[in-house]
Amino acid sequence: MDRISIKNNRITIPSDNRLKSCTMADIQSEISMWIDFSDEEYIVLNGNNISSIIDKSGGNIDFFKQATATYQPSYVNTINGLKVGTFNVDGSLGQFLKWKGDFDLNDNTLLLIFKPTNVTHDKESVFSCDGGGNDFQIQSDDYDEWEGDIHGDKISEDDWIDHLLMYSIDMDSVDLQGFRVYQNRELMVTATEDRLGTTSLELMIGINRAEVRGFIGHICEIICVSRQYRTFVEHYLANKWGVLV
Amino acid sequence: MTLYYVFSTEELAIQAEAQISILGNAPIKGRNAKTGELVDIGETTRWAIPEQRLDGKWVFPKVNDELLAQYSSDIINEFNNAFPNTLEEYNKTWFPSEDE
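Line by line, the protein sequences are chains A and B. Under numbering that gives the first Met the number 0, the letters of the first sequence match residues 0 to 244, in that order. Under numbering that gives the first Met the number 0, the letters of the second sequence match residues 0 to 99, in that order.
Calculated from the structure, these hints are not laboratory results. Where is the CB? At the ideal position from N, CA and C, for every residue including glycine. Mixed in with the good hints, there may be bad ones.
[As the list claims (entries may be wrong)] Taking lysine-lysine and the BS3-like style, the derived pairs with C-alpha atoms no more than 25 Å apart in a straight line are:
1. Lys33/B with Lys239/A
2. Lys28/B with Lys97/A
3. Lys33/B with Lys82/A
[As the list claims (entries may be wrong)] With the Cβ distance kept under 7 Å, some of the chain A side facing chain B (calculated, not the full set):
4. Ser37
5. Glu40
6. Val43
7. Ser50
8. Ala66
9. Thr67
10. Thr69
11. Met170
12. Glu201
13. Trp240
[Said to hold, decoys possible] Using C-beta positions, here's what the derived DEER-type ranges look like:
14. Phe94/B with Leu243/A: 32 to 40 Å
15. Gly100/A with Glu9/B: 27 to 35 Å
16. Asn47/A with Leu2/B: 13 to 21 Å
17. Val75/A with Ser71/B: 26 to 34 Å
Pulled out of the complex, with its shape left as it was, chain A reads as follows:
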């Protein structure tokens, strides 16, 4: 039987695979968090700014929120014809959305689509988790980096700034595994710490876990799904947002 394969960084879904006719609605029960900035039905606004975004998955995360007006991301930009959340591009500081509660990311895959437009500090995080010592964050590594090694190559700033990036990470109680990032090729990425807790977590969109390093750019969609659907969701996100995988 044919299997889903990745060759030359392109995903191939065989014609007889059941995933071909699968939709996101079909795997809803496998999704534990689904933050979709393009779906206005799940966005709550204060003027042109986002005060809350509701989790579409129906899981135990209800909504991410920001009650302070100057910390709210804006909701005026689009990518690929779809609305996105915009964080800190106007020189504002610390725009982010936060949820706190008990949540188990382990044994799932976390997928993110976002577009950095600038970096002014290290540790500017697009998504972070503070769990009392069991933490991680997806962040800029240095002033000039959302970068890493790929088969010995370095990805230059020109290749990521103002480019859509798709990250997918297998979450584990011990390590972050199988990190892969698509822009127009696969690369490694910086993630600090390597463990995840499950209780009293603070999940933050658009800032690092110390709430001092705001991500600069646009965030499109964040999904946490059972690992077996990783490739399917990567394909869904890539098609929707226009990322070449």
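Take the given structure of chain A and dock chain B to it, following the hints.
Frame of chain A; chain B shown alone:
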């Protein structure tokens, strides 16, 4: 360019921010982006959180022009008299470089 109110003391900054939140009718109910209907989640409870600069002064972002336009010059003058401030463009050297 992000302009900030700059105050000499924390007390002034806190009082000024509280006044702005009141003038802005906080808490502000959120509206669903698709339907425009008021919803029970996503309330905005305040304008800003004052922060202390390295020089000891207290700052928070200036009210946007859209909100400011709703108020007469008398109210704005009253605010500036009650809470003396200067307006300065944000500079990242204002704050300590905090590492994780």
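Going through the hints against the structure:
no.: 1; hint: Lys33/B with Lys239/A; result: holds (20 Å)
no.: 2; hint: Lys28/B with Lys97/A; result: holds (18 Å)
no.: 3; hint: Lys33/B with Lys82/A; result: holds (12 Å)
no.: 4; hint: Ser37; result: violated (11 Å)
no.: 5; hint: Glu40; result: holds (5 Å)
no.: 6; hint: Val43; result: holds (3 Å)
no.: 7; hint: Ser50; result: holds (4 Å)
no.: 8; hint: Ala66; result: holds (4 Å)
no.: 9; hint: Thr67; result: holds (5 Å)
no.: 10; hint: Thr69; result: holds (4 Å)
no.: 11; hint: Met170; result: violated (20 Å)
no.: 12; hint: Glu201; result: violated (14 Å)
no.: 13; hint: Trp240; result: violated (19 Å)
no.: 14; hint: Phe94/B with Leu243/A: 32 to 40 Å; result: holds (39 Å)
no.: 15; hint: Gly100/A with Glu9/B: 27 to 35 Å; result: holds (32 Å)
no.: 16; hint: Asn47/A with Leu2/B: 13 to 21 Å; result: holds (18 Å)
no.: 17; hint: Val75/A with Ser71/B: 26 to 34 Å; result: holds (28 Å)
The earlier numbered hints that this structure contradicts are 4, 11, 12 and 13.
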